[in-house]
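Visitor: The primary structure of each chain is shown beneath.
2 protein chains.
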Amino acid sequence: MTQATSEDPWSVTETDLREQMRSLRRNDADAAVVTVAAVDGSAYRRPGAKMLVPADGEAAGAVTAGCLEEPVVDLAQEILATGQPRIEVFDLLDSDDDSWGLGLGCNGVIDLFVEPLDASVDRPLAMLDNGDPATVLTVVDGSGDTPIGSRTVVGADGTREAVPDREPVPTTLLDAIGDTIDRVHGTGSTQTVDIGSATVLVDSLQPVSDLLLFGSQNDLPPLARLASDVGFRVTVHSPRGGVDESTFPHADTVTTGHPTTITDSVGTDQHTYAVVMSHNLVDDRLAVETLLTETEVPYVGLMGPRERFKELRESMAEDGVKLPKSALERLSTPVGLDLGGGEPLEIALSIVAEALAVSNGCEGGRLRDRDGPIHPRIPE
Amino acid sequence: MTQATSEDPWSVTETDLREQMRSLRRNDADAAVVTVAAVDGSAYRRPGAKMLVPADGEAAGAVTAGCLEEPVVDLAQEILATGQPRIEVFDLLDSDDDSWGLGLGCNGVIDLFVEPLDASVDRPLAMLDNGDPATVLTVVDGSGDTPIGSRTVVGADGTREAVPDREPVPTTLLDAIGDTIDRVHGTGSTQTVDIGSATVLVDSLQPVSDLLLFGSQNDLPPLARLASDVGFRVTVHSPRGGVDESTFPHADTVTTGHPTTITDSVGTDQHTYAVVMSHNLVDDRLAVETLLTETEVPYVGLMGPRERFKELRESMAEDGVKLPKSALERLSTPVGLDLGGGEPLEIALSIVAEALAVSNGCEGGRLRDRDGPIHPRIPE
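Chains as they are written, first to last, in the working numbering: chain A, 1 to 380; chain B, 1 to 380.
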């Protein structure tokens with residue numbers, strides 16, 4: 001699961017980055033966290049992207065395509081020494097200033113907030129671990145009395161919590177940005193709000209997405225590997241005994257049991273994307289039926305051609321089972337995006353790509369054929 | 001590049017499988033080749049899918065999702081012992097026969113052709129290595145005088161060649177299936193033709209697809225890794241010195257040079273998919289211009305938002321460069337499929353998925369929203 005990490009720390013997933021933060025916190029190790037607060041112009045990473053710079057050890061994560069990573073590590077070391085969080089603006093458009101990435105030809109203006117990793121992250125990390133969203137509010141700039149780095153965390157039910165090691169964001173400030181908080185919370189987006197005396201980073205964090213694979217055959221491992229590569233937490237629910245974590249080295253959890261017990265393998269419905277691929281019609285039918293009628297998982301991919309799903313529905317109909325329209329909308333069969341490849345890894349890629357698209361509210365298809373910005377924007 | 005191979009031989013790519021065949025042939029090692037000749041009903045792999053069973057060593061490749069792999073290895077060992085190629089029909093629909101995969105619930109009828117790996121593959125493998133298509137014609141069944149395993153190879157220009165270790169397919173037979181050969185050659189599809197006295201497998205093989213990456217920054221390695229995972233041969237052309245194979249461990253070839261020398265890094269135009277991602281507007285412009293005007297590569301992905309391409313075109317226009325419509329049709333910007341993820345590996349996945357889709361003539365939307373079969377069929 002941490003293959004990407006060990007091989008190329010720059011391209012570590014958000015999932016792995018959070019694990020590294022937890023590990024550093026457990027060991028009480030010094031580290032700086034760098035967060036993209038805002039970008040202007042074309043930028044590789046969006047606001048909210050993070051880099052983790054341990055005092056001892058290699059930096060992980062990416063805040064640009066590589067234009068700024070070196071100066072940012074220096075800046076992080078400086079913040080580790082002073083303990084004072086601050087925002088730094090890197091203007092890659094200013095051609096008179098050749099110090100920042102211009103040799104590489106990057107452009108855009110990027111605001112990076114750099115802060116020490118401290119106990120203020122423990123609570124939001126615990127919320128995420130629990131399957132709940134967390135929105136972290138941080139004062140990143142300002143001329144007022146509020147210290148830079150002041151932090152308040154918004155939990156699943158909208159409650160605002162103070163956190164250790166930081167001043168809370170003053171209530172007047174929170175009230176002033178209440179609309180933004182409500183709009184951003186639970187979306188996974190990040191915005192900065194400038195209200196004159198202070199600039200607040202509103203950083204909405206979503207729990208990791210689970211990819212739940214139902215099956216036990218040879219086509220699961222390549223899918224588990226690709227899914228884990230792009231940051232899914234992978235659970236395998238196998239209708240056959242005799243399989244475990246060693247059968248699926250890239251799965252985080254492996255359980256075996258009757259298809260109808262697949263509900264036990266669903267963490268948080270809302271963040272679980274399921275793929276039914278046992279190649280056994282009876283087992284597949286039971287798993288699909290259970291997932292669609294007993295859970296609210298937003299995506300149930302079913303492997304196999306259209307004709308096979310017809311057979312499956314006929315078998316349901318014979319038993320008087322009829323799936324409501326709302327259930328069928330969550331079903332995706334034939335599973336995957338239309339990539340045309342027929343090799344095991346190509347099939348796996350097509351499925352992971354669809355699950356990722358659905359998890360982000362996208363439809364696949366080519367970006368060039370689509371209007372509007374690459375990334376969905378939340379309304380200002 | 002062979003990560004998938006070593007980790008999970010079952011999900012090896014066609015690219016790697018061919019490399020393994022070449023290696024076994026160089027060492028004059030005994031092995032059997034299993035090819036899916038035909039399928040009826042739902043099947044995980046399509047005709048043409050191959051499995052390689054060395055006399056000593058682990059089998060590689062997949063002919064089903066795992067239902068038949070064990071009996072097939074036994075069969076391959078039998079053919080290695082007798083030296084006699086033959087076709088075997090596995091009827092997974094026949095519920096009275098519990099010997100083939102029924103315990104796993106697989107269904108469908110699958111015809112597998114099993115033969116010894118011999119010098120008859122050297123010529124088609126050399127053609128593919130040279131960037132040319134090859135269509136391998138093999139008599140896989142029949143009651144006539146033609147020995148099972150008789151083989152003739154069709155080269156790039158349609159010439160028919162006999163190959164060592166096998167009888168040629170008789171001219172009368174070749175003439176009888178001439179239409180099928182013409183229709184299949186160069187498509188990468190596989191068909192069997194039954195003309196009464198003999199059944200001929202018409203197996204069209206395409207050279208490996210190249211993914212040519214133009215750039216030098218941190219976002220290249222994750223892209224190279226995913227692309228190599230799914231079977232692309234990866235070439236990096238970097239506009240900066242100081243990079244080599246160690247910078248991009250999953251690239252097969254790394255060259256550095258001026259953007260306009262990118263043509264030197266294009267193997268066969270027709271099978272090269274290019275992604276321009278140097279993050280430098282001037283370099284990107286030159287690379288795009290060169291690829292679109294001096295080569296016929298079918299796909300030039302350009303990283304960055306729509307606005308950046310506008311800038312790039314304005315810069316071209318100032319210099320009197322105007323891209324013809326046919327060139328713009330090959331350009332894909334913003335590059336990638338609409339998956340919505342913003343992390344380095346998610347961006348990489350979106351790009352590899354688009355290149356794969358384009359290489360297969362697909363558009364990358366959701367299969368469930370598309371009519372017709374999952375895989376494009378060539379006309380009968």
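Be careful, since some hints might not be right.
The list makes no distinction among identical chains, and a pair is therefore deemed to hold if it is satisfied within one copy or across any two copies.
[What the hints assert, rightly or not] The list that follows gives simulated cross-link-like pairs (lysine to aspartate or glutamate, EDC-like), each with its CA atoms no further than 20 Å apart:
| no. | residue 1 | residue 2 |
| --- | --- | --- |
| 1 | Lys322 | Asp74 |
| 2 | Lys310 | Asp56 |
| 3 | Lys325 | Asp369 |
| 4 | Lys322 | Glu161 |
| 5 | Lys322 | Glu58 |
| 6 | Lys325 | Asp28 |
| 7 | Lys322 | Glu307 |
| 8 | Lys322 | Glu7 |
| 9 | Lys310 | Asp132 |
| 10 | Lys325 | Asp194 |
| 11 | Lys325 | Asp129 |
| 12 | Lys325 | Asp269 |
| 13 | Lys325 | Asp244 |
| 14 | Lys310 | Asp74 |
| 15 | Lys310 | Asp371 |
| 16 | Lys322 | Glu296 |
| 17 | Lys310 | Asp179 |
| 18 | Lys310 | Glu363 |
| 19 | Lys310 | Asp40 |
| 20 | Lys310 | Glu78 |
| 21 | Lys310 | Asp369 |
Since the hints were made in silico from the structure, they are not lab data.
Visitor: Could you work out which earlier hints the structure fails to respect and list their numbers in ascending sequence?
Guide: 1, 2, 4, 5, 6, 8, 9, 10, 11, 13, 14, 17, 18, 20
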